[in-house]
Amino acid sequence: GESVGLHLPTLSVQEGDNSIINCAYSNSASDYFIWYKQESGKGPQFIIDIRSNMDKRQGQRVTVLLNKTVKHLSLQIAATQPGDSAVYFCAEIPQTGANNLFFGTGTRLTVIP
Amino acid sequence: ETGVTQSPTHLIKTRGQQVTLRCSSQSGHNTVSWYQQALGQGPQFIFQYYREEENGRGNFPPRFSGLQFPNYSSELNVNALELDDSALYLCASSREGWTVYGYTFGSGTRLTVV
Chain A
1 GESVGLHLPT LSVQEGDNSI INCAYSNSAS DYFIWYKQES GKGPQFIIDI RSNMDKRQGQ
61 RVTVLLNKTV KHLSLQIAAT QPGDSAVYFC AEIPQTGANN LFFGTGTRLT VIP
Chain B
114 ETGVTQSPTH LIKTRGQQVT LRCSSQSGHN TVSWYQQALG QGPQFIFQYY REEENGRGNF
174 PPRFSGLQFP NYSSELNVNA LELDDSALYL CASSREGWTV YGYTFGSGTR LTVV
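Sequence order for the protein chains is A and B.
Each residue of the first sequence is one higher than the one before, counting from 1 in our numbering.
Each residue of the second sequence is one higher than the one before, counting from 114 in our numbering.
With the rest of the complex left out, here is chain A (with noise of 0.2 Å):
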């Protein structure tokens, strides 16, 4: 079945540095990839997407990389700030045409200032 995993439960970097949070998923057939912020008492936020398509794709301060070839994905964050302490999620769509999507159980970022 599908899964998705993540290396490392929590992470802690000092402000300023950059962050990698990895993600590992299972079904070689899951062509599109989110990745999500949630705060504690809110719901999860979009950060950034890729499609299976693509290797890497960059937004304001993150970057996605994806390798299909280890189903791996990445979420770079750069020059990390202290609103950028939360639980991040990678999450998956299981199939194309599905609607839902199939979460992981995250990592929680600390920054230290």
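Honestly, the hints are just simulated from the structure, not real lab data.
There may be inaccurate statements among the hints.
Cross-link-like lysine to any residue pairs, in silico, SDA-like; alpha carbons within 20 Å at most [unchecked claim]:
#	chain 1	residue 1	chain 2	residue 2
1	A	Lys-71	A	Gln-45
2	A	Lys-42	B	Arg-223
3	A	Lys-42	B	Ala-193
4	A	Lys-42	B	Gly-116
Assemble chain B onto chain A, guided by the hints.
Coordinates of chain B only, in the frame set by chain A:
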């Protein structure tokens, strides 16, 4: 443009009781999806409502049911509550044809079953 609003924000129920959670979709969105998020876990898809009908369901028993109203708002009903139903219940709305691509999540309802 208003976002997704959910009510109540917190709720405590006794095992065996029934609960109804409510969701108002974002303006312009006509599709509502519900997710269950257990503590320390990622959200899990319960079901989606589109045009007032269930449009896809995850691995949840029939005691989880829902409704969508003509104004696109939605309810999640859970019967015969179990302790494991304690979780954050998230509602997400989207535009027709966008489904997951244009999800907007609400802040959720925290349900505690004792």
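Status of the hints after comparison with the structure:
1. Only pairs whose Cα atoms come within 20 Å are accepted, and Lys-71 (chain A) paired with Gln-45 (chain A) is rejected, the gap being roughly 23 Å.
2. Distance check on the hinted pair: Lys-42 (chain A) and Arg-223 (chain B) sit about 11 Å apart at the alpha-carbon level, within 20 Å; holds.
3. Straight-line distance between C-alpha atoms of Lys-42 (chain A) and Ala-193 (chain B) comes to about 27 Å, which puts the hinted pair past the 20 Å bound.
4. For the hint linking Lys-42 (chain A) to Gly-116 (chain B), the alpha-carbon distance of about 12 Å falls within 20 Å, and the restraint holds.
The structure is inconsistent with the numbered hints 1 and 3, although it conforms to all the rest.
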